[in-house]
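Chains P and X supply the protein sequences, listed in that same order. Residue numbering for the first sequence follows the working numbering, starting at 1 and increasing by one per position. Residue numbering for the second sequence follows the working numbering, starting at 1 and increasing by one per position.
Wrong hints could be hidden among the right ones.
Sample of chain P residues at the chain X side, in silico, Cβ under 8 Å [said to hold, decoys possible]:
#1 Phe39
#2 Ser43
#3 Gly53
#4 Ser89
#5 Ile93
#6 Gln105
#7 Phe107
#8 Gly108
#9 Pro109
#10 Thr114
#11 Val115
#12 Leu116
Listing some non-contacts, in silico: residues in chain P with all C-beta distances to chain X over 10 Å [as the list claims (entries may be wrong)]:
#13 Cys13
#14 Gln29
#15 Gln60
#16 Val62
#17 Asp65
#18 Phe67
#19 Ala72
#20 Gly110
#21 Arg112
Bear in mind the hints are in silico, worked out from the structure with no lab data behind them. All values derive from a computational prediction rather than experimental measurement. Where a beta carbon is used, it is the ideal one built from N, C-alpha and C, also for glycine.
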Amino acid sequence: GAVVSQHPSRVICKSGTSVKIECRSLDFQATTMFWYRQFPKQSLMLMATSNEGSKATYEQGVEKDKFLINHASLTLSTLTVTSAHPEDSSFYICSARGWGDPDTQYFGPGTRLTVL
Amino acid sequence: RKEVEQDPGPFNVPEGATVAFNCTYSNSASQSFFWYRQDCRKEPKLLMSVYSSGNEDGRFTAQLNRASQYISLLIRDSKLSDSATYLCVVGRTGANNLFFGTGTRLTVIP
Chain P
1 GAVVSQHPSR
11 VICKSGTSVK
21 IECRSLDFQA
31 TTMFWYRQFP
41 KQSLMLMATS
51 NEGSKATYEQ
61 GVEKDKFLIN
71 HASLTLSTLT
81 VTSAHPEDSS
91 FYICSARGWG
101 DPDTQYFGPG
111 TRLTVL
Chain X
1 RKEVEQDPGP
11 FNVPEGATVA
21 FNCTYSNSAS
31 QSFFWYRQDC
41 RKEPKLLMSV
51 YSSGNEDGRF
61 TAQLNRASQY
71 ISLLIRDSKL
81 SDSATYLCVV
91 GRTGANNLFF
101 GTGTRLTVIP
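Using the sequences plus the hints, can you model the full thing?
Right, here's the structure in full:
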């Protein structure tokens, strides 16, 4: 199956710093990439949808100036958590969807962010 | 109302047991249906797609009832390795994203 990677897998940072998370589709071109957040014992919540070369679409309640998304190519999307605070600590997961299979999303392994 | 609702769980079953999970979805425009499995602190992984005709993959059987907007997953002869959280996931026409249930935690006990 298709492979999606995320980097880093885990990050611990101080409050007020910015953290960048990369999501890459390794063996296919992703028309759309999705960013999710999952708090403990809760389901995945979609944060934003990004298409290559265009601005991301953010879900209600997600601050676009705080969670910066860049989708520069068909294989790479980045999420930057700016001025992170402890309440931003969560499991961030990206997924990617390719041309030939619009109903299937392939998930990255996730990034666990802890803000001290 | 939530887009996707699942049994709250948790389910604790002995090895070899049969266990069933249920899920309902609220939007009749939903067109694609899946069960994902998520292990602790890992990403979700697709277990199987769900079709109106029902489908089976080894010990796993998924069924869809569009009239009732209901999806089920049956696991037969449970193994210890089946312990995980099972996510009911729905996609719909006109929406880019998938909608996830909160998941049902299964623990298979030796």
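Separation of Asp65/P from chain X, once the least beta-carbon distance is taken, above 10 Å: The claim stands: Asp65/P keeps its Cβ more than 10 Å from every Cβ of chain X (closest is about 21 Å).
Can we trust that Ala72/P is non-interface, i.e. its beta-carbon lies farther than 10 Å from all of chain X? 19 Å, holds
Status of the Ser43/P interface restraint (C-beta, 8 Å, chain X): With a closest approach of 4 Å, the Ser43/P hint holds.
Would the least Cβ to Cβ distance between Gln60/P and chain X come out above 10 Å? Since the minimum Cβ distance to chain X is about 13 Å, Gln60/P lies beyond 10 Å and the statement holds.
Would the hint on Ile93/P be counted as holding, given a Cβ-Cβ threshold of 8 Å to chain X? 5 Å, holds
Val62/P non-interfacial with respect to chain X [C-beta, more than 10 Å]: 13 Å, holds
Are Ser89/P and chain X close enough, Cβ to Cβ, to be under 8 Å, as the hint says? 14 Å, violated
Should the interface hint for Gly108/P be scored as holding, given a Cβ-Cβ cut-off of 8 Å against chain X? Cβ of Gly108/P sits 6 Å from chain X, so the hint holds.
Hold the hint about Val115/P up to the distance rule: shortest CB distance to chain X must be less than 8 Å. Because about 17 Å separates Val115/P from the closest Cβ in chain X, which is outside the 8 Å limit, the hint is violated.
Against chain X, is Phe107/P within 8 Å by beta-carbon distance? 4 Å, holds
Phe67/P: least C-beta distance to chain X exceeds 10 Å? Holds: least Cβ distance 16 Å, greater than 10 Å.
For Arg112/P, is the shortest CB-to-CB distance to chain X above 10 Å, so the non-interface label stands? 7 Å, violated
Of the numbered hints stated above, those contradicted by the structure are hints 1, 3, 4, 10, 11, 12, 20, 21, listed in ascending order.
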